[in-house]
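So the sequence lines, in the order shown, correspond to chains L and C. For what it's worth, numbering that gives the first Met the number 0 labels the leading residue of the first sequence as 0, then goes sequentially. For what it's worth, numbering that gives the first Met the number 0 labels the leading residue of the second sequence as 0, then goes sequentially.
Some clues are possibly wrong.
To give an idea of the chain C side of the interface with chain L (calculated C-beta under 8 Å), a few residues [stated by the list, open to error]:
no., residue
1, I6
2, A15
3, P16
4, L18
5, D21
6, P22
7, R26
8, L30
9, W31
10, G139
11, S141
12, A152
13, F302
14, R303
Since the hints were derived computationally from the structure, they do not count as laboratory data. We put the beta carbon where it would ideally sit given N, CA and C, even for glycine.
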Amino acid sequence: MQENKEKFLLFRIKVSKDKEAFETLCKGHESSLRRFLAIKFPTVNDAEDALSETLFRTWNYLTSGVEVESVSGLMYTIARGVIYEFYRKRPPQTTDITSIQETIPFTKDATEAGAEIALVKQALDKISESYRQVIILKHFEGMSVKQVAKEINKSENNARVTLYRAMKALREQLDI
Amino acid sequence: MTEQELINLLNRAKDAPELGADPEGLRSKALWNRISSELKFDLSQPVRHYAFGDYVEFWMHQFSSVVVRPLAVGVSVFALVMVGWIGTVNASFDSLPGDKLYPVKLATERVRLTFASSGGRAKLHTEFAGRRLQEAVDLGSSSDQERHSRVKAAMAQFEQELVFAGESLAKVQGKDLEGAANIAAEINQKANEYEAVLTQNSNDSVEMKEAIENALDAVDETAGQTIDTLVTTHEQDQEAVKDPLGKSFQNEFKNLKDRTALSLGRLEVVTAVLTESEILNQKDYSERITQVKYMLLENDGRFREATDLYAAGGMRKAFELLGEIRTRVELTEKLAIELEIDITTTQMPVQEEVQEQITEPEETADVQTEELETSQE
């Protein structure tokens, strides 16, 4: 039924340029896409700009008349392009503890929390994209393994194995 | 670090904005405000609930994609027609995007495509392109509130039909060159008609201008493809395409000649107006007019060369030369328009100054009259 709903919304966008259908379609992927971009961009504002750019381009693509097999695949492909263009124009900036400390209140708890977040972000940035995606979907978005499998277009077993390897890779990054 | 410690860490970090969390939905709201503004969504509209007709349109589309096309003979479709679809099909013929019967019109077109050969499909797609164009024109003059989006959709479909026509023509060309040439001639004729319709229906809206320009590009592309087919066929069998190729050459030649004459006429009018206003030598009007005239008159030699090449049988070169002439004619038209706009916008303040000068002496005369009256008292 979910697949048919997505097909219906895609049809509405393609034929009638239905903006409400576009909003409904995108809201299903917005949260995971926001997290995906947040990890790749140095600031929250950069990530939000990239997200809006991704959605503009998705709209243009969906209304161009080209058939789309997977909206999720399309949006992530466009998002990767946006990331690439961003870094082509300026060098990547890593977030380290010193720069985090300059922006957050100097209390013990806040500093430690900020440092933790920065470390998690750095570690997620260093693992492969497929690993990062399953961790975001499972632990940030709160999806079940079955839902994760559907989102990444793999079998449940495959998703489970990927998740196991992803957590292992993340642990290795954090233990360095 | 154990698995559980890592999960706990991720759970602590997941609500951080740096990792994309938006628990209160504020960033999502700002994002959609931005998108709505950019793509001109109307947030004040109530949430739309889809009607039964919307779902029917979708399922008909799915039906035709999944079931009808694979059925090469289409016996079940024929049975559907016999069960009384005919009246509905006839009634749907004049429907426009947004009408209840419009999906029936599209479904009928798809059925016709299923029965057609590659050559037939090329002609059908060209015909359907004409229908989309007519729908766009009809919608443009309607009072439908959603006409702008529907017109744009119809124009996009027009372009798509031309692309499909080109693809079908290419398939025919691979099997039957002479047949492809005949089809190419027909499509070329239609393309010229569509170009005329598009040019006549220019619109003030920026969006529509862009849609029309894109459609014109698609027509150009298709016309170029048909010419190429005709020329290729001619290179293999001169007699096979003598008539259609000749017609295409004559049409294009005449079109460019007419446009050249029109541009020269416009320049004469502009020169006369500027001379009368004694501002011909202001700014660089005179030089610009001369430049455009020179470019147009230079084409005379190219026209003669194209005619000579055509007469000698050098079709490809002749059409390539016409293509070059077309590019120059389009450029001169653009330069002429820019010149006219420049003149109009520059001369408007001058006209206001002249108007002020006319009113000033009147005011001075009024003051003098008042002073005279006062002194007499």
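Going through the hints against the structure:
| no. | hint | verdict |
| --- | --- | --- |
| 1 | I6 | holds, 7 Å |
| 2 | A15 | holds, 4 Å |
| 3 | P16 | holds, 5 Å |
| 4 | L18 | holds, 5 Å |
| 5 | D21 | holds, 6 Å |
| 6 | P22 | violated, 11 Å |
| 7 | R26 | holds, 6 Å |
| 8 | L30 | holds, 6 Å |
| 9 | W31 | holds, 7 Å |
| 10 | G139 | violated, 16 Å |
| 11 | S141 | violated, 16 Å |
| 12 | A152 | holds, 6 Å |
| 13 | F302 | violated, 39 Å |
| 14 | R303 | violated, 43 Å |
When each numbered hint is compared with the structure, violations occur for hints 6, 10, 11, 13, 14.
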